[in-house]
Each structure stands twice: as C-alpha cells, then as structure tokens.
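A.B. asks: Note that the working numbering has the sequence shown beginning at 1, numbered continuously upward.
Watch out, some of these pointers could steer you wrong.
In silico BS3-like pairs for lysine-lysine, Cα to Cα no more than 27 Å straight-line [to be verified]:
| # | residue 1 | residue 2 |
| --- | --- | --- |
| 1 | 103 | 141 |
| 2 | 108 | 130 |
| 3 | 130 | 141 |
| 4 | 103 | 130 |
| 5 | 108 | 141 |
No lab work stands behind these hints, which were simulated from the structure alone.
None of these values were measured; they are calculated from a predicted model.
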Amino acid sequence: VFASVEDPIDETAVRALSDSLASARQTATTAANAASNLSLITVSTTLEYGAQISQEESNIYGLVTLQVPSAIVPSESKSIALSRVPIDLVCVVDQSGSMSGMKMRLLKQTLVYIVEQLNDLDRLAIISFKTQAYNRSHGLKRMNQQK
1 VFASVEDPID
11 ETAVRALSDS
21 LASARQTATT
31 AANAASNLSL
41 ITVSTTLEYG
51 AQISQEESNI
61 YGLVTLQVPS
71 AIVPSESKSI
81 ALSRVPIDLV
91 CVVDQSGSMS
101 GMKMRLLKQT
111 LVYIVEQLND
121 LDRLAIISFK
131 TQAYNRSHGL
141 KRMNQQK
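Put together the whole structure using the sequences plus the hints.
C.D. replies: Right, here's the structure in full:
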C-alpha cells in the first residue's frame, strides 16, 4: 500500500483565473440575456451497440459527451487552456480480462487524449481495478510538462 501524495493546488493562479472568469462570466451573462437561442451545453451520446432486444437485460457501454461553449475569448498573452476553471479528474479504469485487445488499446488512447486536454492547473488521478482497486497515480497529480 502506497501513501497518497497529492500535488498542491496553485492557489494564487487559481484565484487570478477565478477573477478573470468571473468577469468573463458577467460579460457572457449579459450577452446571453440579449440572445434568444443561446445553447449553453451540447450533449451527445454514443452506445456500444446500435440495438438491443428489449426483453433481455444486459450491460451496454455508452459515452456521454458534454460540451460547453467558450464564454471567454483569451487575450493574445493567455492560452485558451487557461480560459476555464481548473479541474480535478479521477479516471477509474477496468483492467480485467474483459478489456483485452482492442478495448484496452482504446482505453489507453482515451487516457492519452484526456491528458492532452488538461492544462497546468488541472490535476488527475488514475484508479484501476481487476478484482480490487489500485491507486495508480497515488493521489491527484498536476498536469504540467511532466505529464
């Protein structure tokens, strides 16, 4: 058993970003009140199978994607990645025998994609499971250049 050692939060950077986002949120709220057809969140779903017999009970894997439109146009000096609130994300991944082959390759590709989308203020933890859970990252880790 390993002790969980989480990377600290950069409170100064988060506070500055929060102030910037609050100002942008106010601007976006004003613009949203003026717009009549503003979509706040787009939801899309993808299922493992296209159809299922209705009398049979089974597990079907699905993916739900939520996309929020940007409320901020970053200045020239700011990265677009810093135009949102930092997140703490915990990925719980299945590494049992049922995940062999293509499923495991897709899982790895998905984790790489997730890491590429995170910025320096985000933190990530990875928990894997077979017959029991394993804390692979030993706590939340900041997503800096050492990703």
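A.B. asks: With reference to the structure, classify each hint as holding or not holding.
C.D. replies: Against the structure, the hints:
1. This hinted pair checks out: residue 103 and residue 141 have alpha carbons roughly 25 Å apart, not beyond 27 Å.
2. Note on residue 108 and residue 130: the hinted pairing holds, with a Cα-Cα distance of about 16 Å set against a maximum of 27 Å.
3. In summary, the hint linking residue 130 to residue 141 is supported, as the alpha carbons are separated by about 23 Å, within the 27 Å threshold.
4. Restraint check for residue 103 and residue 130: the C-alpha separation of about 15 Å stays at or below 27 Å, so the hint holds.
5. Annotation: proposed proximity of residue 108 to residue 141 holds, straight-line Cα distance about 18 Å (limit 27 Å).
Taken one by one, the earlier hints all hold for this structure without exception.
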